[in-house]
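Enquirer: What follows is the residue order along each chain.
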Amino acid sequence: MARLTMARRSSRDRLWWWAVFVGCALPLAALGGWAATGDLGVNPIETIVRHLGDWALRLLVLTLALTPLRHLTGSTRPVRYRRMIGLWAFAYAVLHVTAYTVLDIGLHGPTLVDDLTQRPYIMVGMAALLLLIPLAATSTTGMIKRLGGRRWRRLHRLVYAAGLLGAGHYLLMVKADITQPMIYIALLGLLYGVRAGRWLAGRPV
Amino acid sequence: MLIRVRAASDPRPSEITPEPVYRDRRRFMMGAGALALTGAAGSVGLAPGRALAATADDYAALAGVVESPLSTDEDPNSFRQITTYNNFYEFGTGKEDPARFAGRLETSPWAITVDGACAKPGTLDAAALIADHRLEERIYRLRCVEAWSMVIPWVGIPLAAVLTPFEPTGSARYVAFETLEDPTQMPGQRSRVLDWPYREGLRLDEAMHPLTILAVGLYGRVLPNQNGAPVRLVVPWKYGFKSIKSIVRIRFTEEQPPTSWNMAQPSEYGFYANVNPTVDHPRWSQARERRIGEWGRRDTLMFNGYGEQVASLYSGMDLTTHF
Chain G
1 MARLTMARRS
11 SRDRLWWWAV
21 FVGCALPLAA
31 LGGWAATGDL
41 GVNPIETIVR
51 HLGDWALRLL
61 VLTLALTPLR
71 HLTGSTRPVR
81 YRRMIGLWAF
91 AYAVLHVTAY
101 TVLDIGLHGP
111 TLVDDLTQRP
121 YIMVGMAALL
131 LLIPLAATST
141 TGMIKRLGGR
151 RWRRLHRLVY
161 AAGLLGAGHY
171 LLMVKADITQ
181 PMIYIALLGL
191 LYGVRAGRWL
201 AGRPV
Chain E
1 MLIRVRAASD
11 PRPSEITPEP
21 VYRDRRRFMM
31 GAGALALTGA
41 AGSVGLAPGR
51 ALAATADDYA
61 ALAGVVESPL
71 STDEDPNSFR
81 QITTYNNFYE
91 FGTGKEDPAR
101 FAGRLETSPW
111 AITVDGACAK
121 PGTLDAAALI
131 ADHRLEERIY
141 RLRCVEAWSM
151 VIPWVGIPLA
161 AVLTPFEPTG
171 SARYVAFETL
181 EDPTQMPGQR
191 SRVLDWPYRE
201 GLRLDEAMHP
211 LTILAVGLYG
221 RVLPNQNGAP
231 VRLVVPWKYG
241 FKSIKSIVRI
251 RFTEEQPPTS
261 WNMAQPSEYG
271 FYANVNPTVD
281 HPRWSQARER
291 RIGEWGRRDT
301 LMFNGYGEQV
311 ASLYSGMDLT
321 THF
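Sequence lines, in order, name chains G and E.
Residue numbering for the first sequence is 1 to 205, as defined by UniProt numbering.
Residue numbering for the second sequence is 1 to 323, as defined by UniProt numbering.
One chain only, chain E, in its complex shape (with noise of 0.2 Å):
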């Protein structure tokens, strides 16, 4: 595999981004002189948005990362969609909550506890993980359950990579994953929305895929805490639900692990959740989805578009019962 490595002269993405977020901190600051004129609003719901405008100057750079031929050439949303706009129901069920709250969830130490069927379980330490490992961006493309879609700059690690030090046996069938839980540094997790704590789980062959990463940033820094900082995993041919975050456990099972949004409507979210614009959410449809930023909708892609590299992985599999 190719793999361009930057020049000390080139610049990085995150030397790219402080443009557009110039321009979000300028249009701040007309809102918050617009903030008279919609005064009255404050008493009609806040204004969406309003007092998010963090940039990506806040984030510590990450030394060493490297491109990747596996990105996309599409355009990435920016900085302040990225963070200001997401699922993450620990801290809230609100696309901003996650912006508004994570603030107070401690990533440094951070220890993930990797078990279960491998013959050498053991601990890894975040700072030490980014420390050891050659870090790539990866700008994938993420689906939302939701119909809404963005193009990411992560920077992360193949899973692969991670997982194999770890030797699982020959027995090992699946890896599954588990969010943090903390009430007191994830508010959201005081109402029993879903079954914290958080679950996910890949098939052993999708998780060693070469597409299935770690990341452990955004725009070339830190991942910000509403993203799943420190660490969460990106798999980005499947809705980003499956792509947990914030992850303190990894387990090599052998039966295909409980997963929490299957749990909690199974028959609406499946273990797979491979994008698939040809099997509908049971209440709406996955034809077409709004990318960020766009006004009018576009098709969605088989597997989110990265159907070459993954399609073998479900041949032979029935994509209707096994959605």
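One chain only, chain G, in its complex shape (with noise of 0.2 Å):
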């Protein structure tokens, strides 16, 4: 099956197919580049931490912006790597939590259960990453036929959730500039409103 949709793809796809793989992995390679020069900063932990959720957190908004593109453009070509930035964003989250139990708090368990259960911008960035698990977990074509369309889509609903959260987090965590979570916050009220300007409308969101 795979290798039938291979096949019928023109080189043209297969050009944007790698240039969108290469952009999602390039943030990915900096950090490998930056670690293996010696260039992660004063604070090192600190910058991976910071990074992989940078980019969790910007994929997750690219793929909300991809059908407000689509209906922008008239071109299907962005939301066709939805899936894939899509994935990548799940990725760079899962990173972002594993850089942060494992490196930052080096699995200290009281510190763990305290993050768990006392820090509200820790709580509600791993809701975002729950949310997220489903997703990623259904994100096979075999799932979305075993699904059926319809409850698939309304599955995956919870992205909208899942940017919230993920932008509530990086919010309950700065200290006093709120400028760059405040940019996050605006972007997915832009892609929202968008979305329920049309679904008002009464066109397809």
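To be clear, the hints were calculated from the coordinates, so they are not data collected in a lab.
One side only, chain G facing chain E, incomplete, derived with CB under 10 Å: (1) E46; (2) Y121; (3) L172; (4) K175; (5) D177; (6) T179.
Remember, predicted model here, so these are calculated numbers, not experimental data.
In this text, a Cβ means the ideal position worked out from N, Cα and C, and glycines have one as well.
Once you've looked at the hints, go ahead and assemble the two chains, each given alone in its own frame, into the complex.
Expert: Structure representation (structure tokens):
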């Protein structure tokens, strides 16, 4: 099946696929490059954790921008890479949480328990990751078929909540300068607003 | 108090530094070579710490610095770590923003107004302050409220020695400090992240404590701008934000003065801000900290390990409410 689809792809499609793949992999490669050259800065663990979190959130927002982009451009190309970008966002989120628990707090039990029960920014961030798990698990073509398009689409609306929780996690973490998290929240507001507008006008969202 | 005076033949801390600094410089050159490798990364965000590799040699050495028995014998962090990773919101909220943007701060001449509840108000000239006092190297632990820490070889003057000549009156109970406010020199002040100018304060007995210093140098050399040149406060048993930088005004007051972080978020940052592993920041734990340069976390010490000297200042006080 996969081979058949591949065969029908034009070379231009393949080029696009690779461009998106490489684009999504680049932030991870950059991290590897900085680690190799000792360029992770004075607080390497902080750099790693923040960088992975930033890219999880950026790619998550990007997946949410693809449908509005299709409506805007009339091209279906953007949404064709939604699954891949979404899976990359999930991968960055998993790496972000892994880096935090293993590198940052060193799997220190009391800190972990404390974080998960008392720190709102950790709880909200963890909730975002938990919501992404069923989406990643049902991302295969087989799962879409098994669930049926309608149920699958309904399940995947969880991504709207995950986006807000991810941005909320960032907002709850910063000390005084809320510029960065507010940019994500504004972008999400815009993207959700566009959908709400189409839904109210009775058009597909 | 025993003060060991350094013999002329003894190596100065600044002479010991160049080795790691040299390594840093080499690494910087290698980093430049690796620029091609991570070139595409430019579109992804700049590599942290790139192009910030100033060395201690770029700063003028201070003469006649003596060691202090109040110094810790822990290994100090490198000049590069201390000068490229810190908070100084007047230059931006990123950790490397101070190193990037503090260059435009003009630190000479520099006057500090001293007034309020004192018999002899007046002005302190930063250059005269450095020339007139015996300079001590104080190697102190610094614990940031964000749960990271460093060991820093400051050069400074006990604050008590600076304040006493102004003869605070019997009614003076607090000392208030202010940082320069000038958005043309301090671009971070164009954004209202905090209510400028930055303000801090100490109780008079805290200000007069032997551990409290006005720092004028780092690693035996004049203070780099990003670390609070030309004169900053260092109170090693309190979270770093209490140690106000680039001071232009000192005032003796009868009432507890307003302080910047407390004004911004009173539930999170108290007036006292003593390092205390048992009282968490409302959003994160203060029990442990990352010493910059180490991978694991270490336990945070009560009063940042200075309890023996300062705990008596707070006897009978509930440190959970007076956090």
